[in-house]
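Throw the hints in and build the complete structure from the sequences for me.
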Amino acid sequence: MDPLLFLLIVLLISVAAGLLGAILGLGGGVIVVPALTLLLHVDIHFAIGASIVSVIATSSGAASAYVREKITNIRIGMFLEIATTIGAVTGAMLAVLVQVSLLFLIFGTVLILIVIPMVKRIGEEVPAKSEGDRLSRSLKLEGHYYDTVLKRDVEYRADRTPLGFGMMYFAGLISALLGVGSGPFKVLAMDLAMRLPMKVSSTTSNFMIGVTAAASAGIYFLRGDVNPFVAAPVALGALLGALVGARWLPKVKSSMVRKIFALVLVGVAIQMIVRGLTVGI
Amino acid sequence: MGEKIGELSNSKKGSDDSGHGIEVVLSLVLRWGVIASAIVILLGVVLMITSGESGYGAGFDIVKLLQYNSEVAEMLYPTNLHTILSGLLSLKPFAVIDLGLVMLIATPIMRVAMAAVIFGIERDKKYVGIASLVLAILLLGILTSA
Numbered sequence: 001m002d003p004l005l006f007l008l009i010v011l012l013i014s015v016a017a018g019l020l021g022a023i024l025g026l027g028g029g030v031i032v033v034p035a036l037t038l039l040l041h042v043d044i045h046f047a048i049g050a051s052i053v054s055v056i057a058t059s060s061g062a063a064s065a066y067v068r069e070k071i072t073n074i075r076i077g078m079f080l081e082i083a084t085t086i087g088a089v090t091g092a093m094l095a096v097l098v099q100v101s102l103l104f105l106i107f108g109t110v111l112i113l114i115v116i117p118m119v120k121r122i123g124e125e126v127p128a129k130s131e132g133d134r135l136s137r138s139l140k141l142e143g144h145y146y147d148t149v150l151k152r153d154v155e156y157r158a159d160r161t162p163l164g165f166g167m168m169y170f171a172g173l174i175s176a177l178l179g180v181g182s183g184p185f186k187v188l189a190m191d192l193a194m195r196l197p198m199k200v201s202s203t204t205s206n207f208m209i210g211v212t213a214a215a216s217a218g219i220y221f222l223r224g225d226v227n228p229f230v231a232a233p234v235a236l237g238a239l240l241g242a243l244v245g246a247r248w249l250p251k252v253k254s255s256m257v258r259k260i261f262a263l264v265l266v267g268v269a270i271q272m273i274v275r276g277l278t279v280g281i
Numbered sequence: 001m002g003e004k005i006g007e008l009s010n011s012k013k014g015s016d017d018s019g020h021g022i023e024v025v026l027s028l029v030l031r032w033g034v035i036a037s038a039i040v041i042l043l044g045v046v047l048m049i050t051s052g053e054s055g056y057g058a059g060f061d062i063v064k065l066l067q068y069n070s071e072v073a074e075m076l077y078p079t080n081l082h083t084i085l086s087g088l089l090s091l092k093p094f095a096v097i098d099l100g101l102v103m104l105i106a107t108p109i110m111r112v113a114m115a116a117v118i119f120g121i122e123r124d125k126k127y128v129g130i131a132s133l134v135l136a137i138l139l140l141g142i143l144t145s146a
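Protein chains in written order, with this note's numbering: chain A, 1 to 281; chain B, 1 to 146.
Possibly wrong hints are sitting among the right ones.
[Stated by the list, open to error] Taking lysine-lysine pairs in the BS3-like style, the calculated list, with each CA pair at most 25 angstroms apart, reads:
| hint | chain 1 | residue 1 | chain 2 | residue 2 |
| --- | --- | --- | --- | --- |
| 1 | A | Lys259 | A | Lys120 |
| 2 | A | Lys70 | B | Lys125 |
| 3 | A | Lys120 | A | Lys251 |
| 4 | A | Lys140 | A | Lys129 |
| 5 | A | Lys253 | A | Lys70 |
| 6 | A | Lys129 | B | Lys126 |
| 7 | A | Lys70 | B | Lys126 |
| 8 | A | Lys259 | A | Lys70 |
| 9 | A | Lys151 | A | Lys253 |
| 10 | A | Lys140 | B | Lys64 |
| 11 | A | Lys70 | A | Lys120 |
| 12 | A | Lys129 | A | Lys259 |
| 13 | A | Lys151 | A | Lys259 |
| 14 | A | Lys259 | A | Lys140 |
| 15 | B | Lys126 | A | Lys140 |
Bear in mind the hints are in silico, worked out from the structure with no lab data behind them.
Have a look at this one:
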């Protein structure tokens, strides 16, 4: 294949990844990794190295818009980053010790099971403001944003914070152990455990995933998994996609975001199970 | 940026919405981080396309460029700060791209550091502690991997 054509195809794929990632609070690895490996036959190591870059580009690109529009909750994001970065660092240390294929199978299955409670609330637009728990009240894990679709201010407070914090630890751990994005688990922790509005969950996840990825990016870089020939078009494409996606999200209904998220989650779960069955046999 | 922080401490007095300025500052850090790294990466890509050369062993041969072999990786592109810097001196296209990628990776870390500073200006002790803790864990992760 012509090198220029390769760069162009990777760029276009990454625009799509950045777009979807920015709306759902994911890094776009769910598109980048299978597209690079299956379509373009790029080595899985380079694909994962590129997906880390895609996560950081999508996160920083979209967050610059969401933070300014005050959909992202900075306090909730910063507090939960303690859990995900500790998870990412311990995951990177444990990576040499555990059998990865089994973990792919376990967490792929867990994800499928998690989709079920999500589907039960599929039509929900925004949850009622909760009473919160002791931790969320003392740390002021609450806020409000103006929902352009509902044309009103939506108030919320985090509920079951310790559970959400624990899930965030696992999000960081799994992401560093398996080289998969932590976005799906982060959105789930905020949506299912902490009962935050969908758009707050996806934009706050978006805000956090760049930091989680940065915690393990150095390892991939030093290992030689970040190939500039692949990572450059991914970074530029994902940034472009994220900037466009960030302009769309406010106009999309929360229930629609939830529907697309549930669908993508099934895709992520299938990918994980397939990798569990094919890796390291 | 100094102006923005000034704005923030003024607005704090006037409104009960204590998180007003932090959004503006963090958004600026993220925006300029991605713009600066995108410009550098783009520069590297243009350099690579116009010269038809990666600056390293593989030239512009797509098969060699996409061959994964961690043992010879450092001959095909830079894999650490030292080789990026030495490659930059001779303006090798891949070294320029990698500088942009490192700047991109540094952007979220800068964002955490800046959040710690702003919570400090707002005298929000709990969140200064939280942001500093996140920063410390991040740096620990980077140091242990290096």
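Of the numbered hints stated earlier in the document, which are not met by this structure? Result: hints 10, 11, 14 break, sorted rising.
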